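We have chain X; now place chain S onto it with these hints.
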Amino acid sequence: MSRPLRPKKKLLIIDDNPGILFIMQEALELKGYDVSVAEKFAGIERVRKGAPDLIYLDISLIGQDGREIARELKHDKRTKHVPIIILTAHPHASRLAREAGADSFLSKPFELEHLWEMTAKYVLKRNGGK
Amino acid sequence: MRTTKPETQKNTDLGNDLLNVTINNLPIGVIIFVPSGRVSYANIQGANYLGYPSVRSLLAQKDLASMRKRLLETFVITDENGVLYTADKSPVVLAMAQKKPQEYTAHFVHKKTGKESWMIIRAKPVLDKKGELEMVVYSLTDITEQREYQAQLKHTLSYAHGILGTMREPLLVLDRNLRVKSANAAFYRMLPITQENTEGKLIFELKNKTWDKPQLREALNKFLAKKSSFHGLEIAFDFPAIGPKVLLFSGQRLLQDEKDEELILLAMEDITKYRFLQQRNDNFISTASHELKTPMTTIKVLVQILRKRFERSKDPVLVEYLARMNQQIEHLTKLAVDLLDVSRIRANKFTVEEKTFDFDSMVIEVVKSCQFLSPQHKLIIKGKTGAEVKGGRDSISRVFINLIVNAIKYSPDATKVIITLSPLKKRVRASVQDFGIGIAKIHHEKIFDRFFQVGNKEKKNFLGLGIGLYISKATINAHHGRMWVESEEGKGSTFFFTLPLGKGNNKKHS
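Residue numbers (our numbering), protein chains in the order written: chain X, 482 to 611; chain S, 132 to 641.
Bound-form chain X, shown alone (with noise of 0.2 Å):
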């Protein structure tokens, strides 16, 4: 359990359901990661201000589409960089996350060790690192 380097790695998570925002913050903060959380898509303007170093993305949020939001999200030059990680409990996660050009995903329920691992290995990526 390695701390991440300083300055604290922005995590966003995108999610309709407050348990799973609520767990994903405390799991995350838990290593030492600066998380926000939002029930809903509120713009690229809002994602591109809070700077985040990966989105954990649900795919199925209440009137918006996650695929959509990841879409747009890799379309605009001021986000695309930043990896877009799905959330969801669909039997098709690999092939929803290739849809929407999303870098990875993860199915629920998923394991806290699971989650440490994919949210390093990312914001590891996203800073060149190994």
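Read the hints as simulated data drawn from the structure, not as lab findings. The structure presented is a predicted model; accordingly, all values stated were derived computationally and were not measured. Among the hints, erroneous ones may be present.
To be verified - In silico lysine to aspartate or glutamate, EDC-like type, Cα no more than 20 Å apart, as pairs:
#: 1; chain 1: S; residue 1: Lys338; chain 2: S; residue 2: Glu327
#: 2; chain 1: X; residue 1: Lys521; chain 2: S; residue 2: Glu400
#: 3; chain 1: S; residue 1: Lys338; chain 2: S; residue 2: Glu400
#: 4; chain 1: S; residue 1: Lys480; chain 2: S; residue 2: Asp413
#: 5; chain 1: S; residue 1: Lys332; chain 2: S; residue 2: Glu393
#: 6; chain 1: S; residue 1: Lys572; chain 2: S; residue 2: Glu620
#: 7; chain 1: S; residue 1: Lys255; chain 2: S; residue 2: Asp219
#: 8; chain 1: S; residue 1: Lys465; chain 2: S; residue 2: Asp401
#: 9; chain 1: S; residue 1: Lys486; chain 2: X; residue 2: Glu510
#: 10; chain 1: S; residue 1: Lys439; chain 2: X; residue 2: Glu598
#: 11; chain 1: S; residue 1: Lys200; chain 2: S; residue 2: Asp219
#: 12; chain 1: S; residue 1: Lys230; chain 2: S; residue 2: Glu265
#: 13; chain 1: S; residue 1: Lys439; chain 2: X; residue 2: Glu520
#: 14; chain 1: X; residue 1: Lys512; chain 2: S; residue 2: Glu442
#: 15; chain 1: S; residue 1: Lys340; chain 2: S; residue 2: Asp401
#: 16; chain 1: X; residue 1: Lys602; chain 2: X; residue 2: Glu592
#: 17; chain 1: S; residue 1: Lys285; chain 2: S; residue 2: Glu211
#: 18; chain 1: S; residue 1: Lys439; chain 2: X; residue 2: Asp584
#: 19; chain 1: S; residue 1: Lys486; chain 2: X; residue 2: Glu580
#: 20; chain 1: S; residue 1: Lys480; chain 2: S; residue 2: Glu442
#: 21; chain 1: S; residue 1: Lys465; chain 2: X; residue 2: Glu594
#: 22; chain 1: S; residue 1: Lys465; chain 2: X; residue 2: Glu592
#: 23; chain 1: X; residue 1: Lys530; chain 2: X; residue 2: Asp515
#: 24; chain 1: S; residue 1: Lys499; chain 2: X; residue 2: Glu592
#: 25; chain 1: S; residue 1: Lys480; chain 2: X; residue 2: Glu580
#: 26; chain 1: X; residue 1: Lys512; chain 2: X; residue 2: Glu594
#: 27; chain 1: S; residue 1: Lys439; chain 2: X; residue 2: Glu594
#: 28; chain 1: X; residue 1: Lys521; chain 2: X; residue 2: Asp497
#: 29; chain 1: S; residue 1: Lys376; chain 2: S; residue 2: Glu400
#: 30; chain 1: X; residue 1: Lys555; chain 2: X; residue 2: Glu580
#: 31; chain 1: X; residue 1: Lys558; chain 2: X; residue 2: Asp584
#: 32; chain 1: S; residue 1: Lys439; chain 2: X; residue 2: Asp497
#: 33; chain 1: S; residue 1: Lys499; chain 2: X; residue 2: Glu580
Here is chain S on its own, set in the frame of chain X:
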């Protein structure tokens, strides 16, 4: 007095004898009347048919009136319409009077014995050169059997029509050109279509060609070519007037009709409602298990966070409680995932990943993780495949986990489970063998059914949903593999499965 007959006379005698023998052996009664009304000749059948015990007794009758009297005392005679036979209908009398052949179909009921028979009576006048009546040849043909066959046939036909008419399944009879010959009432009840727009029409043209379905064409063409009947052909229609319908078709060759024509009986079963309910049921299971996953994730991760926080705690009770909670959540998660899998299999949405993976390393990984489930059972891997297999690593892992968990569960007193890996020519074969309670032969097929549970005499707690093997087999089938079991009660079971090798598979050198 001549002692010897001339040759011609001899021949005539011989001819008469032959004629007599022949006539006496005909299944037809023959009686010859002379114009006076007396009988000049009769064979035995003729006498018997009219109720006389011998030809002699018939010949003893003086005239037509006394014969008729005796006839009506012996039989009740009616015609085909049930009208009583009377003197004015006598074919002999009519033939004599009109000098024309007569025919009468009669129903005889013997007054004493009650025996019934049907006769065709023919009376043919024979005239001499001057046109005077010489005799009347009277014949009686027993058509009782024939009438019975006819009645039976009529009955059978009306029975068949009755069945077709009252059958709830819509039916069409098609000719070899696939034109509708007839349709039953249920067919017309199902579709708002007139008889005029149905009979004689090509089946594919019915209802503005909504019946023109490739599956139906294929099945019927194959049927015509190979005479192979088909069953359970499911086709979905969208009829403009009545909406979507799912029909299950069966095609059967029908007995040839009078023109020696081949007919096809096309039976339909309307399973729209069944499919709708099944769909709703499957959707419910799918949604329910999907919806369960989110709260389960929350609880699961929370428990894991708690375990992390209290890992070094000195409170053994707290640690134990959290471990138990975690175990139950794992169990719950598996149930939800399994139910979701069942609904995917049912909806034919079970897809296989296009990737390949290293089979042996997957097995080693699974066995390693399963070893923790029961330290009592030593999990032994024998052999290796050295192969890459195409498909979902995760789904095949789950098949393995399921087989190993079952092996442990159903061999509570055993100390080992053997996993054998073998490379075959174009496939890999894997087996999981336990030394437990085994499975009776009658259950070998059924255990792969959905929600099937083997009854257990000792009433040990082997509960589960009974979907593990169903999912496993469906997973293997979806990967174009095969799964089966070999087992003997009291000795244990071995579950086998095969999987095709991934394309461009390079066997690793061992």
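**Request:** Identify every previously stated hint that the structure contradicts and give their numbers, smallest first.
**Result:** 2, 8, 9, 13, 18, 20, 32, 33
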